[in-house]
Amino acid sequence: MLLGASAGSDLLRALIQGTPAGTVYALLALGLVLTYKTSGVFNLALGAQAYVSAALYFQARVTWGWGIVPSLLVSVFLLAPAIGWVLERFVFRHLRTASAVAKLVVTIGLAVALPALFDLVVGFQSIAGQTPVGIVPGGATVFYDPFGVYALSRNELTAVAVAALAMAGLAGLFRYTTVGLHMRAVVESPRMTELNGIRADRVSSFSWALSSFFAGLAGVLIAPRFNTLAAPDFFNLVVIAVAAAAIGMLVSLPRTLAGGLGLGLLIAVFQTFLPRWSDSWPWLNTVRQNITPAMPFVVLFAVLVFWPAIRRSRAASDPLAGVDPPPPALASLSRSRGLTVATRAFAVVFLTITGLTVFFRADASWTFVVTQAVILSLIFLSITVITGLAGEISLCQGTFAAVGAFASFQLVNHMGMSVLVAALVGAVIASAVGALLSLPVLRLGGIWLSIATLAFAYFFDSVMVKFSWVGGGQKALEEGTRLPRPTLGPFNMNDNRTFLVLSIVLLVVVAFAVVRIREGTIGQTLRALRGSELGAQSIGISPARARVTAFAISAFIAGLGGALLAIHQQNVNYSSNFSPFASLFWLVLVVSLGARTVEGAMQAGAAFGLFDAVLLKGAIFGWILRSPERIPSFFPLSPTWTYVLFGLGALQFARHPEGLVESGKRRSTEKVEQWWAARHQGVEPAEQAAEPAEPGVIS
Amino acid sequence: MTDVPLLRARGITKAFSGIMAVQHVDAVVAEGERVGLIGPNGAGKTTFFNCLLGVIPTDQGVVEIDGVDVSGLPVHHRSKRGIGRTFQRIELFAEATVREHLLIAERTRRADGRLWKDLIGRGRPTVDEIERCDRILELLGLVELAEQPSEHLSLGQGRLLEVGRALMTEPRLLLLDEPSSGLDHEETVDLARTLRDAQADRGFAVLLVEHDVEFVADFTDRCLVLDAGKLIAEGPTGQVLASDAVREAYLGTAGAAS
Amino acid sequence: MTRPHRRVIIATAALLLVAASCGNATGTAGNSSDKKVKAPTDGGEANRKTHKVISGVPGVSDKEIAYAVVGTKQNNPLGTCILDCYLDGIKAYFDYRNDQGGIYGRKLVVGEVTDDQLGNNQADALAITSGNKAFGSFQAGLLQQGWGELNDAGVPTYTWGIDGTSAANRDAIFPSTVIGCPDCTRRVVPYVAMQAGAKHAGVLGYSTSQNSQLCADSTGASFKKYARDTGVDLAYLKDDLPYGLANGIGPEVTAMKKKHVDFISTCFDLNAMKTLAQELKRQGMSDVRLYHPNTYNQKFVQDAGGLFEGDFVDVQFRPFEAATNTALTAFKKWMGKNNSDLTELAMVGWINATLAYDGLLAAGPQLDRAKVLAATNAMKDFTADGLISAIDWSTAHKPYTQATRSKVKDLECGTVVEVANGRFRQLGSKDKPWLCWDSTDLTWSKPVPTNFD
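Chains as they are written, first to last, in the working numbering: chain B, -9 to 689; chain V, 2 to 259; chain D, 22 to 474.
Since the hints were made in silico from the structure, they are not lab data. Do not take every clue at face value.
As the list claims (entries may be wrong) - Which bits of chain V does chain B cover? Going by a derived footprint, with three or more residues having C-beta under 8 Å, they are: (1) 89 to 101; (2) 161 to 175; (3) 203 to 211.
Beta carbons are placed, not taken as given, at the ideal position from N, Cα and C, and that holds for glycine.
Could you build the full structure based on these sequences and the hints that come with them?
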């Protein structure tokens, strides 16, 4: 039977259960829409903002022993709006005309950096067993059961009440105050407001403060649901909020509200009824087992891909973004021939010396780390293709890499395939997955494309990995997802150095291929599309086909790199290598350093692989001082610094959208050529590539 | 020659949020013919034009190329069937040089963008391709600008480059969207002359959407007049421009504007 | 044939050649048979003070035998004390033995201590294998990526036994607890349920971790298998909850309430147990007794108020609440000397260090890594001086399943404490804290209270 006799009360219970979460989701989603509509920023850092308030509240209450009211005042009413205001004033105001991509990258950087910065400054550490406390005494232990079907805790009731109050407040603000009217005007028609003399800056500042306040409030309200306070949970919250905002199509606040509430309810209803239905229909069992944890991501993906209105809202996808200024030509194309030769010669000499040092002097541990950096560079080249060439922001490159890694693992272990061949086949499979994914996703375009890839990454993470034909099942359970190293003719790659050589060779081959693709027809086609989609179509270029190709190539490279990484570590190590968060981290790292060049990817690989060992652990001082004993005692530095620096890197990206490496290269090229010209008077300095308009000072 | 026209549009209708932009407009362009499409601002010229190309979907009506219904096909498919175009607001490829614009078009025409060719370094232009480019560059007088990035071109040069890019795809019908807009008189005259030479050389048909009556009179044989989304006149250019209805609807406004 | 085509074909042919000539390197992993050393015979207490000159053995000098310790501290998502607490236990044991004069005229020392920061375990392991400064290693990382390297290099490696997969089929890896058969039925949980007077059992596990899922399934199977004998049936099983229970556990508790569940065994972490206990309280089911797998943490249980009153907690070693024995006394004494807290991880460190020492002792004074491995793997009855139930290292490295179980002789033991007035209390006999069953006979029987001294 579909629904039992008590189905009515079960449904009621599910609805009651889902309400507290739903209201908080709605609160967060409203915060998301507010900043999106007033400043065009799709703020993925909102979860981080919620985390910071929740953690400060927790720290104040539990560690510092403050009372409820002062803790709340400081964390939610003071800190949260302050963060929003600061972000708007010093970061996003200067990005008004930046591309959607630049804004998204900056928010991802902030999503990583904010919690890390907070933890460092306040000295916060989440500890198992220390449950977050609510904003009312006895919140978790006093229960009320108004309908006699399900008791809500005092915390949950408070959350619902406070969230409802906040939303009513927002409605009142919109209706009765000037700034509210102005905000509404901006939300409804951002372009019109400037014409009507509304000071968009002030409205924007205010919206950011308000949005951040909502986030902080949501964070403090929802924290007691988690049994430990940890930043990743809050990032997942943002994904849910994004799904809710998608239901509201980023335009309508009431629909967003309904979306958030609806998601909370939907999850509870599914949790209640799916197990029951699957008793009647056993095939539902497999679905149920895997889908409950993934509900928000499934909803998000489904909304994005199947809701036609989203696709049509494409034009409105970034309300404030101006036309992207064309990226300046690559420095390597604009500099003089002599300088090019000199630079290349220097690079070759430098790399050779480094390579030889690593090869002959490094111990196994360093060889391992360097190999890791080489393979990551290879993976990062996939971002060079999809983002640097095709101009699309994919947030699931880690997932493509995981597909390659898992496929090789399966092929080696179940079909006894030789591991190098398996890596190639894995790459092909990843490529097919990339192409398949791109079909529905590409119709979205712009920011929704990125969000859909993020949803896919989370979907893979919470559903696909669980299937034994992906994640390994029984075999993986007994001894993990182990992979052997290959042999190639006479070379046994159990030797780390031999494997390093193989990795370098593959990196060079792939880098060469990427350069060829960039300069070849496919690269030109993609560049044409980036330059002008209308123009490209008018000469018969099919945007869909070109982009599917780009996705397939990119996923191939990522899959190959993923397989190689798994072979290198002799284990897939999915959760530490390829989680959705890794995808985000990789993307921001590569685009901040330079997504358009092979060097950018390589520098990102080196940064990712070596930063920790060389800088944080202070090894570089050991080399300079010629003894590991002389490394200053404040090393090793906390790895949290990595995240903070990473966030700063992302902020820099906003100033130099071509990437730090590329901008540095251009600047030094110009300087050298000016100097050269000055010495050889009469020679005109080489024509300088136009520096992009500085969006303002960010510090 | 068959009696199937190169392009036939029948009953094209398009409304934007309830406002009729184009209503039941028919148009025919034959092989090698030069047709003008004129009308005051807001007459629906650009909408009609975009409907023909598939940039925006039509509400009603059929577009046929060589008698084949292409109404459901996307822009790039129509291009492959021999329709090239230029843009009123220039749509060049940022970052690419003049020559690269032409090469990309050439490659696309040949459907020759194979991955493996790129990988083995065959993505670079062949002698044959370079020759074809050079011919177009000569035809349009762009030879000296060949290696310039498109950002460095003047508006007029940009227009020419758009024409060249379209010509590389060997169109049988070239749709020109207000080519004179933003150009001064001298530039317009230059452009018109170059276009006429190219048309004479290549023999493609032209559908010209234009504001500048002189340009239209000079360049086209036949002319359609749109006003408020409706076709109000059609015929040999000279006659149409002389007719009272057109004068009233169009020239009056145009005269006042210029 | 045009030029490009020929090039493609040549390239393809080259690829085929590569494919034909490449295979998979057979690592030394799990293959230590080809370098097997016979178990030494000159070990033992009698030779403990014999000093012999040893050269060329990593980490062994005339005065010291050094071990490397790797564990997770930074980035630990659990926020618990791992590396430091683990280190406390190792150091306490080394102090204890060094106080007795060390071994073979040498002191046991902790050499390099590395925080693997969650993700660097493999690089840190390689630093050990290539550094040649440590004789063996102790490992308490949450992700055990480096164990393969250590095993391949033949480094005796003593580990926290939280995950059976990384230890499986690796002869040089010695976890503190062996998870040899994740899907085998165990009698201890149904037995405890029966003792508690329960009638209907519920079982919960995470889908996020296959370990947790299997743990729940095997517990469920145990309840089913012995339902008639114990009078406790399996009323509810759900093995697919999301890790952390971020969506709460309301519907599951409601379902259990409907089925009159009065005993719940889980495969959760301690935080989730709190979530579960709170939900039970909310739905008026505070009387249900819980069986905790990972909650042996006195402070946590005490801080939770009365939430866990009457619950049962599984313990991986001789509980602190059991009657003390020589080893437990020594543990408390030497931990006390360093003012270290008596934590679960410290006990793991102590147990690991015990095996390291026993292995050295069995290997004899002319020791090297291979001899220590051979000697350790010849131990059929390792109990860390009565701190854990016996491990047979000659078979423990090889995982098995319920299906192949009859061929493996492996005692089925467990030790459990219950929560009374917020404090832990040994369940059953304090002198014989383990409840053991013969694993070759899977029919129901009463447990044999056992002491492994």
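Evaluation of the provided hints:
Here the stretch 89 to 101 of chain V counts 7 residues with a CB under 8 Å from a CB of chain B, which clears the bar of 3, and the coverage holds. Coverage of the stretch 161 to 175 of chain V by chain B holds in this model, with 5 residues showing a Cβ closer than 8 Å to a Cβ of that chain against a need of three. Counting residues of the stretch 203 to 211 of chain V whose beta-carbon sits less than 8 Å from any beta-carbon of chain B gives 0, not enough to reach three: the coverage restraint is violated.
Hint 3 from the earlier list is the only one contradicted by this structure; the remaining hints agree with it.
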